[in-house]
Amino acid sequence: MDRTDEIRDYPELRAAACPFSPPPGYEELRERSAVTRVRMWDGSTPFLVTGYHEARAVLGDSRFSADGTHKGMPRFTKFEVPAEVFNLGRMDDPEHARIRRMLTAHFTIRRTEAMRPMIQGIVDGLLDRLIAEGPPADLVADFAFPLPSQVIAVMLGVSDADFAEFQRASQGVMDFTVSTEEMGAALGVMVDYVSRMCAAKRAAPGDDLLSRLIVDQELTGGLTQQQVVATALVLLLAGHETTANMIALSSVLLLRHPEQLARLRADPGLMPNAVDELLRYITIVQEGTGRVAAEDVEVGGVQIPAGEGLIINLPSANRDPHFADAHELDLGRPNAREHIGFGFGVHQCLGQTLARVELQIALETLLRRLPALRLEVPLDDLAFLYESMNFGVARVPVAW
Amino acid sequence: MKVSVDQEKCCAAGHCALAAPEVFDQREEDGAVVLLDPRPPLALRDGVAEASFLCPAAAIAVED
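From first to last, the protein sequence lines stand for chains A and B.
Just so you know, we're using the numbering used here here: the first sequence kicks off at 1 and counts up by one.
Just so you know, we're using the numbering used here here: the second sequence kicks off at 1001 and counts up by one.
Computed list of chain B residues with no C-beta within reach of chain A, every gap over 12 Å: (1) 1001; (2) 1035; (3) 1037; (4) 1039; (5) 1040; (6) 1041; (7) 1042; (8) 1044; (9) 1045; (10) 1061; (11) 1064.
One-sided and incomplete, this derived list gives chain A residues near chain B with beta-carbon spacing under 10 Å: (12) 109; (13) 112; (14) 337.
Hints are computed from structural coordinates only; laboratory data are not their basis.
Every residue, glycine too, gets a C-beta built ideally from N, C-alpha and C.
The whole structure should be built from the sequences, with the hints applied where relevant.
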């Protein structure tokens, strides 16, 4: 019997009345069946995973492939990334593990902790300017966006002269509302830019991540020139808009929860846990993470035939009853760290430790230096990015 | 409590070194897990259990 009328369209959007919560439809689906078919824009009907345990089961199981070239892989946009632009997140082991291992040394706890003074310097510099110019300000353009891009620029060794071009190029690629042609053009600009940066590093290697990748891998045959460019591209894009959106949204959310904000101000030691709770609560990767079953696998009582696609919805999984009173923001939540806002499995965000430290420093410094920080417009007037791949907010007008 | 790790499976997310730094560390060259204490005292049980649960690559095994 054809019961296609019962298959819901994907994605659904967050409700404007509740921008920080996942779309209400996913809550219903999770309660009914945490693994269920949905219909995509292209007519395909992959499985949608909305439960926490089911999401971990899929993402942690190598029988589910992340290979972006698989024909069963759910496609979120019409735009197809050119084959030569590989993405670490869209590859399987052992090739994925081989390349990831070339990068992980730069993102360990120890290395990241050592970056605190550098990050603090960037945060203070941005706030110095904000304070000198006086209110009002846009927390997105004046603080949230420049911070992570300056940090990743330092890590990769982007020169000050190149910084504006680098920022423009990466913003073009992250705008998923543009047409396929515009996206292709933006990607071309970014690839050109990164290729030129690689050529400069090849000629005169420095003490940065990109130079290390060229000296240790490209020149020894571990990576092709093209793969170095692609890897740099992934790092640039993954660490930029995501962290920026989290900084801006976290600031708004804290201002909307004065009792939690007061708690955090009274106990700065709460910050690391608070950041994980914010990551759980907001979960900006809203469009979903795709996988394909490489063989028949059962998940959450549902049989997934080989070749079928799955979408793992992280915002919904992070509001699963696995977290007590999951819809409450509780900065002291004992198991906040168990969220899967960075994904799960071997593809879990490579830069998560860096993202946590950036968020901790950004929020701590913002709250300390601007104790009277407030929104200049009602919440309803904020331009939330409901339809973008990663949830965000276009502008956050503030005063202090 | 007996702990073992699989450096091949490890994807260097770093949860273990934060959850139980007395038991786990990260290798300098690639961040892969280093087991500092395969028989940690019971007082560290919660941290070790957290490390094992958070590990995205299922690279930590704990036996009582």
